[in-house]
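Student: Given next are the chains, with one letter for each unit.
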Amino acid sequence: MAPSGTPEPPTTALPGAERAVLRLARPYLSRLLGAGLLAAATEFAGLALMATATWLLMSAAGRPPLDRLTVAIVAVRALAVSRGVFRYTERLAGHDAVLRMITDVRARVFATLAARRETGRRTGDALSRLVSDVEAAQDLLLRVLVPGAAAALVSVLAVGVAALISPPAAGVLAIGLLVAGVALPALASRITRRAADEVAPLRGALAVDAVDLTHGAADLAAFGATGAALAAADERAGRLARLERRLAATGFAVDALGVLVAGLTAAAVVVVALRAEVGGVLVGVLAVGSLAAVEVALALVAAARQRTQLRAGLARVADLLTAPVPATPTDAPVPGTDGHDVRFSGVTVRYRAGAAPALAGFDLDLPAGLRVAVVGPSGAGKSTLAAVLTGAVRPGTGEVTAGGVPVSEIPAEHLPRVVGGLLAEAYVFHATVKENLLLGRPDATEADLVAATRAAGLLDWVHEQPDGWDTVVGEQGGQLSGGQRQRLALARALLAAPPVLVLDEPTEGLDPAAADAVLDSALAATPAGHSVLLISHRLSGLAGLDEIVVLEGGRIVQRGRHDELVARPGWYREQWLRQEAAERGYLAITP
Amino acid sequence: MNRRPFDPRLLRRVPAARRDLAVLAVLGGLTALLVVAQATALATLLATAFDGRLHQQALAGFVAAVAGRALVSWAQGTVAARAAATVKAALRADLLGAVGRHGPTWVAGQRAGQLATLAGRGLDALDPYFTGYLPQLVLSVTVPVAVLARIVFADWSSALIIALTIPLIPIFGALLGWQAQAATERQWRRLSLLGGHFLDMVAGLPTLRAFGRSRGQVDVVRRMADGHRQATMKTLRIAFLSALVLELVATLSVALVAVPVGIRLLGGGLTLSTALLVLLLTPEAYLPLRAAGSRFHASMEGLTALDEALTLSAADAPAATAEPRRPAPDGRGEIRFEGVTVAYDRTTALRDVTLAVRPGDRVAIIGPSGAGKSTLLNLLLGFVAPTTGRVTVDGVDLAGADLDAWRRELAWVPQRAHLFAGSLADNIRLGAPDTPDDVLAAAVTGAALDEVVDALPDGLETCLGERGHGLSSGQRQRVALARAFLRDAPIVLLDEPTARLDSASEAVVLDATRRLVAGRTALLVAHRPALLADADRILRVEDGRVTELHTAATGAVAPR
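Top to bottom, those sequences are chains C and Y. Just so you know, the first sequence maps onto residues 1 to 591 in full-length UniProt numbering. Just so you know, the second sequence maps onto residues 1 to 560 in full-length UniProt numbering.
So that you can see chain C by itself, here it is in the shape it has in the complex (with noise of 0.2 Å):
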């Protein structure tokens, strides 16, 4: 397993983020050649449409024979065709090749995602954001190069062209071009900028007023809070509307320069050409000839747009386009699932320098086969504990070996069978109830499923949906109470059954009833020689491990059986006589 890889400065210039884009584009790149020639001949077909036709009427104004137009004539014609058609083929030559090439940034940016060890969360906006980030390299290649390039070609073909029948009306058509295709371009990509700069800010804001208006609207409306949130997200729009409207009023001035710069361009030319002496026919060409070449440089100017509208995007996802790509290590040699000894050795934790450590100098020997549980208050270090078995958080000192390897060396995707189970905030799919479990196991066989969603007390639902196993359980698992959505990703883990199984407090949100039968038959239901590690804030049910180990503040402040520890003074005993004093009345009381 390559190491996840150094971070990249999280400001990556834009060269640097549209250098990755065409690398990425690399395997795409005669795709995309040609389609630029495509874009070029396309306009230049326009442009000469435009001219043959002019030099074909002054001409016959002269009276010719007929037989000297007949040239002229059948090119306007097959121009006239010819100009669909390129255009018909290069976009979906572009096309074709751009999303091809995006196909590959997406699995690329997911399985950078998917190699880094630690559990970012990213939500709603962030997201969101990700995705059309990621389109942003589409559009900087179609819409920014490939017209960019073609504009680019045909201009200096025009002058060429120019300069072969006037050079001077040459000269006038290449200082138009040049403003029309490099100033004006450089003055809209600098506004655009400065708008964006002013925009982005709003609209990422309005968005999480979007998300905390949808997802936070029974929160709102129980504390009367939806009109606040409504007028500050309105205030909000309002705002970024009155900015909209200011902005527009520079970011057109650009076009209308385009247009006045095409007309003075074409009466430039006439007035050099005619004090030139060139002919009277090719005037004319020269004339309309220009006024379409700046028309088709000004396309520089919206390339130039979009590649600054891009910018932000691109530099978001820099870092996702450059990472090297993570090695698909199959060669590590792939654990077995036979019984694996865990142990701890002078385990140290903290989150940040000069808080108290999570976890201080823990040991701990969980030897195959044996059942364990971390008890302790709130903040004591549970979690941590579960986070470092499971390679999701690296101790800053000491280590963790499971069968005498360190976790840390096991590579990430074979770690799961070895040391796994359910973890805190299990997430579950927007998906059906059995894709959700065949995650622990994809090969499960209908039996398996059965056996695990039993012991998890979800089998029973599971029969009463009318789609059965096929249930989709909706956004986040929407459609579930807690108590299902607990019971599915403790199956789940049941299912996946590695050799050292961890339980993080797997009967959360269920009543005390419900909670003792789940957890006996989970474990129950895990096999001999499987060691089974369980977090819990509830002491019930607890007889039957081997041992149990009270964490506070980090460090293991008691441990042993269940009857040791209830016997004696201690954080222990104390819980449990609240909680059984409590929990007797409880079952006095349920029928």
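By construction, these hints were calculated from the structure, which means they are not laboratory data. Honestly, I wouldn't trust all of these hints.
What the hints assert, rightly or not - Incomplete in silico selection of chain Y near chain C, CB under 7 Å:
(1) G68
(2) T78
(3) G120
(4) D200
(5) G212
(6) V221
(7) R223
(8) G227
(9) K234
(10) L236
(11) V259
(12) G262
(13) L279
(14) A385
(15) Q415
(16) C463
What the hints assert, rightly or not - Interface residues of chain Y toward chain C, partial, derived using beta-carbon atoms under 10 Å:
(17) L30
(18) R53
(19) R111
(20) M201
(21) R213
(22) F240
(23) A480
(24) E496
Small disclaimer: the values here were computed from a predicted structure and weren't measured. The beta carbon of each residue, even a glycine, is placed where N, CA and C say it ideally should be.
Keeping the supplied structure of chain C fixed, place chain Y upon it in accordance with the hints.
Tutor: Same frame as chain C, but now just chain Y:
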């Protein structure tokens, strides 16, 4: 589904945009006149240049026409962008306002994501529609009319060719456009599916990683992306084909006009300046139509978003604003459920529930998960309306009452509180932004949130990320409790307030809950026994039915 290039609902919905659109129409007329003027001047200029002379007036006229077009094009863009900004702001307000009108149950689930996306990226797709398509739509009417009118005077036979071929553009455009639109609609769904899929996968990455499936999913992501590519190419092939046909119609028409005109020039039946005028004006007649056509495709995403937005925001809230609402009942009155049944699409959450809660009652609600406990609270919150039966407070039916005013009588601690982007203090002050600091501090202490605040870098002013990431679920729960403290309402509804806390913090929170509940009516959904000790009454919900348990057994085992 709307298939028109302009949705008339828009004008009804956003009257403010009418004036801008009217100005756009006037500017479109001006542009048409200037196009004709420019071509006339250029034709004269070139016809004189044929003899090697410079026609000064024609040159001046040409430059003036060009300057006029530049000015008008600037005004067009500016006005169109103004209209876009106005419409987007109004639609955003409408969409988000719909959330307020319909209530949280309408928003829950899939719709939340759809709304959030639409109010953001979706509506910005309207920019190309307004600044690109609409002005062209106007020009596609005014310019051909002006051009034809001019050419009829100059050379009626060319005018005839143009008049016959121009309608081909909208006809072909419409025929092919329908195809393209249907395909785009399919793609839009597919796109959002893909977006949802990519989002779901990245959001669930920690879980995928935990099962060693993250790399396996790379192929799934690639497959989805490839499906997206194929769907897009299918749409584009049709869209581009229509562009091809339109372009061919336009360029061939130029050839159709230019060649006969040239031949007639040869015969001396036409002056050069007329011939040039026809040549220069002919493409101008087709250009706006074609541009409108191609920009229509580019703005279809915006139009689809517009349609979705207008439909979503127009969906009638069930009896929302129909009649003036009755004043809300006093929270210190008796709460009665009378034969209440709540049926959802698939399940019946409550069946024929009748019960009364007297002021000051502390009622614990127990029962297996999914039995309907939360639905009881949702009824009181007004998030859910009874399918049959009614809920009254102080004799007032909640169904007709002013819900906002009624909710002021409630403090709610949900199972999973949403944390808003903003400071921790703002999150606690939800619904009461003007709360003085000392009251806030009391709520923080009441909810046992002090230690959480102390551990945060900026204390109460710490900004919580989007959706409040950065707090554990237990901490999040305490924020919800603090909100309830601040609310200081006569009725408290607690949905498993201690579900996510360990026993030690639970004890702390329980003390807080006791203080919160004191002197108020309370309904507590409880999985955890510790809460039951303080209840006067215990209701058991199972299978949608509610039974009252006798509470004699509980008093003796209070855990302290």
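Student: Compare the structure with each hint and give your call.
Tutor: So, going through the hints one by one against the coordinates:
{"no.": "1", "hint": "G68", "in the structure": "violated, 10 Å"}
{"no.": "2", "hint": "T78", "in the structure": "holds, 5 Å"}
{"no.": "3", "hint": "G120", "in the structure": "holds, 4 Å"}
{"no.": "4", "hint": "D200", "in the structure": "holds, 5 Å"}
{"no.": "5", "hint": "G212", "in the structure": "holds, 3 Å"}
{"no.": "6", "hint": "V221", "in the structure": "holds, 4 Å"}
{"no.": "7", "hint": "R223", "in the structure": "violated, 9 Å"}
{"no.": "8", "hint": "G227", "in the structure": "violated, 9 Å"}
{"no.": "9", "hint": "K234", "in the structure": "violated, 11 Å"}
{"no.": "10", "hint": "L236", "in the structure": "holds, 5 Å"}
{"no.": "11", "hint": "V259", "in the structure": "holds, 5 Å"}
{"no.": "12", "hint": "G262", "in the structure": "holds, 4 Å"}
{"no.": "13", "hint": "L279", "in the structure": "holds, 6 Å"}
{"no.": "14", "hint": "A385", "in the structure": "violated, 14 Å"}
{"no.": "15", "hint": "Q415", "in the structure": "holds, 6 Å"}
{"no.": "16", "hint": "C463", "in the structure": "violated, 11 Å"}
{"no.": "17", "hint": "L30", "in the structure": "violated, 13 Å"}
{"no.": "18", "hint": "R53", "in the structure": "holds, 8 Å"}
{"no.": "19", "hint": "R111", "in the structure": "holds, 8 Å"}
{"no.": "20", "hint": "M201", "in the structure": "holds, 7 Å"}
{"no.": "21", "hint": "R213", "in the structure": "holds, 5 Å"}
{"no.": "22", "hint": "F240", "in the structure": "holds, 5 Å"}
{"no.": "23", "hint": "A480", "in the structure": "holds, 8 Å"}
{"no.": "24", "hint": "E496", "in the structure": "holds, 8 Å"}
The structure fails to meet hints 1, 7, 8, 9, 14, 16, 17 from the earlier list, while all remaining hints are met.
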